[in-house]
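Enquirer: Now for the letters of each chain:
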Amino acid sequence: MSTVRVTPFHVRAADCNRDNRWTQRNRFTLAAAYDDAGAEAAAARIAVVMADISWRWRVMLEGARARELVQRLFTRDVAAPQPGEALKALWLADGGGVRGAGVVARYGRQSFQLAAAAEDAEWIGAAAALYGVAMRDVTEEECGLALIGPYAGKLVTALGLDPLLEPLAFRKVFWRGLDLTVSRFGEHGGYEIWCGRDDALLLWDRVLRAGGDFAIRPAGLDAQDILDIEAGVPRPGRDYEGAREASAAEPLAGELRLGKLIDPGHAGFNGAVAATGAAPRRQLVGLLLDTPTPAPFAPVLSNGRAVGRTLSSCHSPALDRAIALAQLDEAFAAPGTPLTVAVPGSRTLLPSVTAARVADLPFLPPPDPIAS
Amino acid sequence: MSERYDAIVVGAGVNGLIAVALLAKAGLRAMLLERSSLLFGHAGEATLSALDPRVVKQLRLAQHGLAFAVRDLSLTVLDAGGQSAVIGRDRHATARSLAALSAADATAYEPWRRALFDLGRALRPCWWNGHTPDEIRRALTLPQRVLLDRLSVASAAAWLSSVFDSDALKAALAFEVAACGVAPSEAGSALALAWCAAQEMCGRQGAVAMPRGGAIGLQQALSEAAQKAGAEIRTAAMVSSLLVAGGAIGGVELVAGESIAAPLVLSTLSRRRTLSGLLPTAAIGIGAAREVARPQAEFGCATLVYGLQRPPDFGAFRAAANTRYVLAERLETFEVALSAQRLGWVPQEPAIELALSPAGAERSVLTARVWPVGRNADRDALTKRVTGMIERHALGFSALIASCDVLLPSGGSVSASRLACASTERIDTAVRGLLLCGPDAEPAHAVSGVAARQAAAFAIALHKKVAGS
Amino acid sequence: MAERYDAAIIGAGADGLAAAARLAARGMRVVVLERASQPGGRLVTRPFHAGYRASSFADDIAPIPSALFWSLDLARHGARRAPGEIASALWPGRAVVRGGDAYREVCEEARRRRDAALAYAAVPPSRPPSRFNPFATREREIWPAQSWMLRPLAEVVARHVEDDGEAALAVAAALEGQAADPFAAGTALHLLTAPQPAAWRGALGGLGAALTAAAQAAGAEIACDREVSEIRCHKGRVAGLGLADGGEIAAAAVISTLDVKRTFLSLFPWSDLEKSIVRQIGDVRMAGATARLLVALGGKPRLAVPGALPRGAIHLSPDAPDLVEAHAAWRAGILAERLPMAVRIPSLVDPGLAPQGGAVLTVTIGCVPHTPFDGPWTHDKRDVLVKRVLAAVQQVMPGLADLVVAFELLTPPDIERALGVTAGDLSGGAIAPDQMFAWRPGFRDKSPLTPVPGLYLAGPSSAAGALGTCVAGAIAADALFADRHAGRLP
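Protein chains in written order, with my numbering: chain H, 1099 to 1470; chain G, 397 to 865; chain S, 40 to 529.
This is chain H alone, in the form it adopts within the complex (with noise of 0.2 Å):
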């Protein structure tokens, strides 16, 4: 019995990567790159990649008061949609701070499955039993293959499944002998492809096969975070820490540009009061930087004074440059503002001050599935 949590693509991902580059997430162990982050991020802005997305956390919450539950827990009405519908939203901890984001998808009138990138499986669960709900974790049941870039539609079409698709929809689909749920939930404009974990490995190798006309590569897990951050959307564990006691007032979600996700008509959800009142005092922006160097957690100077932190960077190759988002003192936050960032030194680099202008997130709008 293997010690190492895998998915169920591990075989495949195994044979691609070439310079044996792994990591973790989630508790799975999942390549980091295949051949290089960054042209398989900007491959992702010109042609189309495959990414195994099984380490995503899902569960189902079904049960007769499952309805009420959901309601309770997140910040936006996530039982309004109809089956086959699902909405973002947030779960905050009593006092307020942000504890985790996701995507909230109905199955039926008492079944949802809510699936986040990170793991909060005791708060969730805790909720589940105030409501006599079972919460039934399926992430190791089903496994998934994210499809982005322009050409995921005119893919999606060549393999045989039906292209239109509202994005936060999903469906389920009898594909060629498989059972397949087709989603638009990511960031990222693509498409998501769910299979039984049997099924896995000829999923791989149908989509590969079929993608060879569109001049797919598999991307890795450091190419996701660089799309991320080009998009502008700050992840729970890599840019913030979803807040761990119940009474905790931080991190706010306006603080993270979560806002939106916050429906402030929705009455009655947890932490709803403490929420809407509290005001943020920084924003998360976006940050260009004139170097190609990342800098991930360093402070950020406006004439010498330290006016926020960035939080994760990387090197866009889209953009040329390092870019970072960094959560900014309000009235820093202007697009254009020219500011500084101290990058500390590390045991290949001198620490140095880097140049930076506050920009407009997202970095770069997501690439745009062509449908055919």
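Please note that the accuracy of each hint is not assured.
[As the list claims (entries may be wrong)] Here are a few chain S residues that sit away from chain G, every Cβ distance over 12 Å (derived from the structure):
| id | residue |
| --- | --- |
| 1 | Gly225 |
| 2 | Thr232 |
| 3 | Asp322 |
| 4 | Gln474 |
[Said to hold, decoys possible] Interface residues of chain S toward chain H, partial, derived using beta-carbon atoms under 7 Å:
| id | residue |
| --- | --- |
| 5 | Ser110 |
| 6 | Asp112 |
| 7 | Ala114 |
| 8 | Arg119 |
| 9 | Ala121 |
| 10 | Pro122 |
| 11 | Ile125 |
| 12 | Arg240 |
| 13 | Ile261 |
| 14 | Cys263 |
| 15 | Gln395 |
| 16 | Gly396 |
Quick caveat, the hints were computed from the structure, so don't treat them as lab data.
By construction, the Cβ of each residue, glycine as well, lies at the ideal position given by its N, Cα and C atoms.
Guided by the hints, dock chains G and S onto chain H, whose structure is given.
Expert: For chains G and S alone, coordinates are given in the frame of chain H:
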């Protein structure tokens, strides 16, 4: 049996003889080892343009029999249309003569020559004395620096084309560069013109002289001077390897089995032959061995010496006596010949320079310098080709030939950047006490003795240091 | 069109559009005149067969400096770039030789020197760098490309790369599309001007479109189908342009992105220039040796050896003796038996270039004479060249002949006709030590970029022209703006 000498010179020839003579004159016990049984007998350069005058003075070669039949050969330029012009020491005569080819060139030649000679003289300390480049540069005036910058990167062909109009004149001047062993179309070859202008023969800058008795006359004078100074000369002694002990030279070993100890060895063989042929494998570093083993240019300037029954008749043009002719009508001749050489063919029309022995000499000798010729070219094919080309200008030439000696180009890399590097790089080796002073160590392929002189100077200094300590 | 412009730019190529964007962003009234029917110059992707598109003149170009990329905001205007894959070499029967660490080291060295040389070029060259000392014996470099100025390419490569196959690849990659003898002095400079692998969405046309969008967004006017026939001067300064269709443009200053010979010897009345300048320009040597073959394939080619098809450039049998022979043959006007070739399959990176199921293959051939020794290019000679190229590619990609749907050949005269570059030389002059950096274009004692006040030379012949894309245009625009600011322009 192993005797002890202070210095050994491997290989006779002009360089070897100069080195051993200078060493002996400085009081060292010096020996010259020559592979063949004759000290001189192979054909050599019949025209000298670069013999170091300090060597002539130091060794008092004039007293040992070195005399010049012609002190200053002029250059005759032959046009495709049959026009000819003579470039000599007299400015006005040169200008009048060049006017037949092109009026613009007649006015452009003298300032060009003056600037070139000026620069050459200013650069002499770098080539002759091993001064550092920065010192030289500081001593140059601004126009000289500008010209030096231009010459260092331009090809001789490009630079001459930008100054002169007449194709024949450009080609004739470009032959100097080819004779140095550098292709006139190669970048940086214009500096070779400055090198030629820097030399001094018989007290005149940039002169080309013809020693009495040809090349053999020079070698005889040198060997006399060497023996007078007390050097030992041994023929029929071929060196099979060099003995190295602890990073320094210990002596040489001969093919016959004899070994001779000496703390200083000067080699006139090529860098490659010396470092990878004679030295034991472990003596030089692997990197240096790789550098030496790298493929080098395989061609250069060959010399054909024709012994004639009587002087040939050059018919159409009756040039002045004591001159040399270049039989290349335009710069493209050099390029086409170079391309052919690179493709592995014998060039249809190589560039040729002819020099006739002076009127009144006992034997009529025509020396032809031919470029480009491969190191391993077929002597007979080459002779036939060159004879045919000369025949076109002097009818009945082939009937006059009594003998023909061919001296193929010796090896060594020929590149324009060699002119620009300092002397220590060329002469010194990684092994203490081993110095190179052959044609390889010269800035350009010409009999000059500069490398031999510098190597001898290094050797004497080393000897003094060891003796003093 | 009859009004007066602050600046008129001849040629809407990379330099012209960059200069236009820069000047228009500073509020000047700019017009760009282009002879072809669409802007872009070298940066166009044309459909050469139904459904198949390819970049006609080159797949890889000299890099755009990052600062220029940011200031022109090309990413916002739609340019999408992927870092190019490193080159590989293929010999029939041998496994693919990919560029490894040593080759990357050489590329890094070259990049460092190129950047430093560009920094020098940004200063208007009034004379050659005064510290260039050819006699220096140590590697301590005063000037960025100093120790590479006179070295042969093969020697410099051999210093860094041990493996023979990789060394051959490095030499071939530096000499792609050129004709040079790797053992001759001064050829190491090709390492600085070698194209850099990068993949643009939409091939180079994507970059051209982004530049056009940037120029238009800044407010520049781009007029296509307008050929400039004359540069008009008044009292020794530039006064405007005369068009081939009889029209006239009045402008206070002109930036020409044509090469130096075409600018001065075709567009200028010679009597207006000093004789020495005319002589100097006439002495500039052009070395056009690039031919391009664009092939439309009905399916993806496969290699004879096992392994995936490389996405980057594939150099076929790059042996040094073959290169020497090919160069000698080029000098003589002959088509060599074994020509240096670089094969790319751009549809492996951007699937939009070929229809579904098909592929596009491009071959960049070097050492192709501009005028063969026995007369101009005829159909027969073109056929011979195409056959030779396809046969060479077929050796490493078996079955290619069956996949070919259509092809298009561009010889140096075709490139000359299409782009207006003298002798088909895309680098604006032979890459030789006496024709690089501050020795281009050679107007040392006059105003920074040309001897005629009001005329600025950008384009491939200028100092920065061969070293980077769009840089020459930006430098000329800056010089123009500085002059205007100082009141030196009317």
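Enquirer: So, for every hint listed, does it hold in this structure?
Expert: Each hint tested on the structure:
no., hint, result
1, Gly225, "3 Å, violated"
2, Thr232, "15 Å, holds"
3, Asp322, "5 Å, violated"
4, Gln474, "8 Å, violated"
5, Ser110, "11 Å, violated"
6, Asp112, "10 Å, violated"
7, Ala114, "5 Å, holds"
8, Arg119, "5 Å, holds"
9, Ala121, "3 Å, holds"
10, Pro122, "5 Å, holds"
11, Ile125, "10 Å, violated"
12, Arg240, "4 Å, holds"
13, Ile261, "24 Å, violated"
14, Cys263, "27 Å, violated"
15, Gln395, "5 Å, holds"
16, Gly396, "6 Å, holds"
When each numbered hint is compared with the structure, violations occur for hints 1, 3, 4, 5, 6, 11, 13 and 14.
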